[in-house]
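Chains Z and Y, in that order, are what the protein sequence lines are. Counting in the numbering used here, the first sequence runs from 1 upward without gaps. Counting in the numbering used here, the second sequence runs from 1 upward without gaps.
Any given hint could be a false lead.
[Unchecked claim] Calculated lysine-lysine pairs in the DSS-like style (CA-CA distance at most 25 Å, straight line):
#, chain 1, residue 1, chain 2, residue 2
1, Z, LYS65, Y, LYS22
2, Z, LYS83, Y, LYS208
3, Z, LYS133, Z, LYS56
4, Z, LYS79, Z, LYS65
5, Y, LYS306, Z, LYS56
6, Z, LYS47, Y, LYS246
7, Y, LYS22, Z, LYS79
8, Z, LYS47, Y, LYS87
9, Z, LYS79, Y, LYS322
10, Y, LYS87, Z, LYS56
11, Y, LYS306, Y, LYS341
12, Y, LYS306, Z, LYS116
Calculated from the structure, these hints are not laboratory results.
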Amino acid sequence: MKLRNSIILFCVCINVSVSAADMLVVTRQDSDISSVTVTELSQLWLKQIHQLAGVKAEVADLFEKHPLREKYYASVVGKSANKLSAYWSIRVFRGEGFPPPSFQSIEDLIIWIAAKKNRLGYIESRYLNEQLKTVYNVTSGEERAE
Amino acid sequence: MKLSLYIMFALGCLSMQQVQAKSFYGLFGDLTVKDQTDQSLDENSVSGVLDFYLAHEFNQQISALLEFVYDDSISHVEKHVERFSLKYAFDPSFYLAFGRFHTPIGNINRTQHHGALLSDTISRPFFLEYHEAKVLFPLHVVGVMAGGQIFSDTLNIGYETTVHSNQMIEVETSHEGHRHLEIDPNDRLAGSISPGFSIRIRGFPDQKNWQIAGFVYQNEAEFGAANQLEESIVGVDFEYLYENWKFNAELFEVGHEVNASNNKYNATAYFLQAGYRFNEVTSLLYRFAEMDIDQSDPYYAWTTLKQQHRNTLALRFDLNEKHAIKLELEQQVFADSALEKQTFISAQWSFLLQ
Chain Z
1 MKLRNSIILF CVCINVSVSA ADMLVVTRQD SDISSVTVTE LSQLWLKQIH
51 QLAGVKAEVA DLFEKHPLRE KYYASVVGKS ANKLSAYWSI RVFRGEGFPP
101 PSFQSIEDLI IWIAAKKNRL GYIESRYLNE QLKTVYNVTS GEERAE
Chain Y
1 MKLSLYIMFA LGCLSMQQVQ AKSFYGLFGD LTVKDQTDQS LDENSVSGVL
51 DFYLAHEFNQ QISALLEFVY DDSISHVEKH VERFSLKYAF DPSFYLAFGR
101 FHTPIGNINR TQHHGALLSD TISRPFFLEY HEAKVLFPLH VVGVMAGGQI
151 FSDTLNIGYE TTVHSNQMIE VETSHEGHRH LEIDPNDRLA GSISPGFSIR
201 IRGFPDQKNW QIAGFVYQNE AEFGAANQLE ESIVGVDFEY LYENWKFNAE
251 LFEVGHEVNA SNNKYNATAY FLQAGYRFNE VTSLLYRFAE MDIDQSDPYY
301 AWTTLKQQHR NTLALRFDLN EKHAIKLELE QQVFADSALE KQTFISAQWS
351 FLLQ
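Chain Y on its own, in the form it takes in the complex (with noise of 0.2 Å):
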C-alpha cells in the first residue's frame, strides 16, 4: 500500500477522536504571463496554478498538513500531492513526521514554495525552479522528519532532519511535445539499500530580523538508463531584516559521484537578493542568481543543463493581505557566449481564497 494511504487512514482515525481540534484550509491561486522579449505573446505563455491545502491541529500534540497542486505551467499540466504530513509534537524543541515535505536545503525552498502569494518574486532562482524542465535540485523528499526549536536568551535555535527515500530522475513528454524533467522522491532504486538524510539548523534571536542557516543533503539518485549516482549538497542561507530592506542570500555546494565510473564531480549555486519596501502596498527586489557546473558532469549534461547567471528585477503591489500583483523582468546570460542571451517579462496575480 502507498505512504499517501497510511495517512490517510490514520487521519481517519485520529479523527474519530474527540478533541479540541482546529482547522485551517484555503486555495492560493496564481495566473501568470510570461513572454520572452523577443517573440510576440502567445497563448502558450499564460499559465496558473491553484493549490489546495487543509491543516488540521487534533491538538496540542498531533496535526496533519495536506497540499494538493493543479499546476498548468507553460510546458505540461501536472497535478499532485505537494505536501503531506502527519506529525506529533513531544514539546517546542522536538517533533516528529512522516510524510511528503520540501527538503530543508535552504529558506526559500521551505518557506516559498507553492502559494505564489507567499514568494517575492514570480519565478524562484532558477536552480530551485519547478516549473520550468531543467531544475534538478531535489526539492522534495518522502519519509520521517524530526525537528523543533529551543529557545535562549541570546540566540534561538531551529532544526529539521530527514530521512528518505532515493530519487529517480524522469523525463516526461507532454501531448505538445514540450520534454521536461520529473523527480520522484519516493523510489527504491534498484540495489540500494541506504536510505538519504538531510538537516538543517539554523540561528536566529527571537525578533527574528535575521536568520542564518546551514544544511548538509545526502541521497542517491538514478536518472537517465539507470544511471546512479550519489548527491551530496551542503549550504548556507541568509536573511536579514533592516527597517524597510529585506536582504536574502543562499549558497549550495553540490557533489557527484557517478556509480558506475566513480567520477567525481562539483557545481555551485547561489543567489544574491535584496528588496526595498517603499511603503504597505509597494515594494521593489533585485536578485541575482548563477550556476557555476562542470559540462562534463553527466547529470548536467543528461539534463542539458547550462551554465549561466540570471538578473531579475521584480516589482510587487499587495493589494491587500490576500492579493498581489508582481511585475518581472528576467535576463537569463549563458557563459557560453554562442548561445542566445534571453530576456523575459512576465506578470502575475496571486490570491489567497479563505
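Chain Z extracted, bound-state conformation (with noise of 0.2 Å):
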C-alpha cells in the first residue's frame, strides 16, 4: 500500500513538469551545458552559434519528414520547410557547410547524444532516461524543465 502511494505520488509530480507529450531539448547529465534560450536554439540549429557560455555544443536533428522534426523546427527556429530549404541550400552554396546530421529514430539520437559531452537533441518526453537531463521545455517554453 505504502510502495503504491509512493509511485502514484511521483507520477503525480512527474506529471507537474513535465507531460508525456512535451517536446524537450536535452543534453548528456555530466554536460556543460544547463539551460539555453529559444534563441540559443535556434541558432544553434541553424549552425549561426557554436557555443553555449563559453561551452562547444553539437546538435542533431530528427530526419526530414520526422512529425517532431517539422513541430521542433516551427516552434523553435520559426522557419517553415520551404525557407529552411533555401536557408541550406544558400549556406552549402556559400561552402558554410551542411546542416547538423540527422537520426532515423528518436532511440538513434539519444545514443548519439549520450555518447559525448555537450551534445544536443530534441525528443519527446517520453524517452527521458537517467543519462539525459532537461536544458529546455519546447511545449512550455520554460528552460531547464527537469
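Now that you have both chains on their own, put them together as the hints suggest.
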C-alpha cells in the first residue's frame, strides 16, 4: 500500500513538470550545458553559433519527414520547411557547411547524445532517461524543465 | 587526364559507398537589363546567367561540390565549370580539399560570387567583376585548399589556404567582335615550376555581427605574347552588422614584377559599402570603389584598364527568400579627365530554383 502510494505520488510529481507529450531539448547528464534560451537553440540549429557560454555544443536532427522535427522547427526556429530548405541551400552553396546530422529515430538520436558531452537533441518526454537531462521544454517554453 | 576527370572518377567511387548522405542542388538564375543613360536601349544590354550547383555530403567527413555556369553576358556567351571540389574534414578545425575554388582574396569573392540572388548589388566592385572584359584579379584557383574554424570564448578564427596552379591571361574575341579577357587558373607556364599560394585568416565572434580578415596571394601569371610576371596581392576585408545597417570594406595592394625586366609596379584597389535595410523587403546600398594603378605597368597597359572610381547606388527588393528585384545606378569616373564619364542604369530579377 505504501509503495503504491509512493508510486502514485511520484507519477503526479513527474506529471507536474513534464507531461508525456512534451517536447524537450536534452543533453547528457554530465554536460556543461545546464540551460539554454529559445534564441540560442534557433542559432545552434541554424549553425549561426557553435557555443553556449563558452562551451562548444553539437546538435543533431531527426530525419526530414519526422513529425517531431517539423514541430521543433516551427516552434523554435520559426522557419517553414521551404524557408529552411532555401536557407541551407544558400549556406551549402557558399561553402558554409551542411545542416546538422540527422537520425532515423529518437532512439538513435539519444544514443548519439549520450555518446559525448555537450551534445543536444530534441525528444519526446517519454524517452527521457537517467542518462539525459532537460535544458529546455519546447512545449511549455521553459528553460531547465528538469 | 584533366583534373576534373579525376574528380568525377572519385565522386563515382564514393557514390557507391553505403553512407548517410545529404544532397543539395539548385539553380540560381538572373536576368539583367543594363544601359548607359546616354544611349538608347538595345538587345545587347540584356544578359542572363544560369548557375547550377550540386553539393553532396557523403558522411560527416567527405563532401563534394560542383557548380556549372551558363553566362550569356553582354560581351560573350560562356559555359564553364565554376567550382568543383572534393573535401575531407578531419574535424571543424581542419579540412583538406582539392579542385577549383574561389580565391580567398576578400569576403565578396568568397561569399558573393555567382548566384546573383546572394549578391547585395547587381554589379560587383569593378576590379572583382567577371562579366566585363578588363578585370584581372585572380578570382579562381585550381589546386589544394586547407582550412577550418577554431572556436574560442573570445574570438573565433577561420582560415583558408591554397597551393595552386599558375594563371594564364588570354584575350578572346566573340563572334560579335567583342574583346574580352579570360584568366585560366589551371595553367603550367613555360619554364615555371613554382606553384602559387594564398592564405586568408579571419576573426569573428560567435554571434558574427562583425568579421575582419587579412589575406595574401602570390602567383606567376602569363599574359600577351608570353610575358610573365610575379603577382602578389595583400589585403584586408571587414564586415560589420549593426541593427539594420551593414558595412563592408575591402582593400587590395597589388604588386607586379615583370620577369623580363625585373621592373616592379604597384596598384591599390578598395571599396567601401554601406547598406540599410528598411524592412524585410526593401534595402538601400551605396558603394564607392576605386583602383589606383601605375599606367606604365605593362599588365594594365595590355588590358587597357584605366584608373577610375565608381559610385554605385542600389535598391533591392526581396520578394521572398528565393526572389529578388534589384535596381542600380552606377557612375564610372576616369582619372584622366579627357575620358568621358559614364553612367549606367540596370535592373535585375534574380531567383533560386530548387
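To see whether the hints hold, each was checked on the structure:
1. For the proposed pair LYS65/Z and LYS22/Y, the alpha carbon gap of about 14 Å is at most 25 Å, so the pair holds.
2. With a CA separation close to 21 Å, the supplied pair LYS83/Z and LYS208/Y stays within the 25 Å bound.
3. For the given pair, LYS133/Z sits about 17 Å from LYS56/Z by alpha-carbon distance, which is consistent with the 25 Å threshold.
4. Between LYS79/Z and LYS65/Z, the direct Cα distance comes to roughly 15 Å. Compliance with the 25 Å bound is thereby established for this hinted pair.
5. Distance restraint check for LYS306/Y and LYS56/Z: the Cα-Cα separation of roughly 50 Å exceeds the 25 Å cut-off, and the hinted pair is therefore not satisfied.
6. At most 25 Å may separate the alpha-carbon atoms for a hinted pair to count; LYS47/Z and LYS246/Y meet this at roughly 21 Å.
7. Annotation: proposed proximity of LYS22/Y to LYS79/Z holds, straight-line Cα distance about 20 Å (limit 25 Å).
8. Proposed proximity of LYS47/Z and LYS87/Y is supported: the alpha carbons are some 19 Å apart, at most 25 Å.
9. Taking the CA atoms of LYS79/Z and LYS322/Y, the gap is near 14 Å; set against the 25 Å cutoff, the hint holds.
10. Distance check on the hinted pair: LYS87/Y and LYS56/Z sit about 23 Å apart at the alpha-carbon level, within 25 Å; holds.
11. The hinted pair formed by LYS306/Y and LYS341/Y meets the criterion: a straight-line CA distance of about 12 Å does not exceed 25 Å.
12. Taken as a hint, the LYS306/Y and LYS116/Z pair is broken in the structure, with Cα atoms around 59 Å apart against an allowance of 25 Å.
Checked against the numbered hints given earlier, this structure breaks hints 5, 12; the rest are met.
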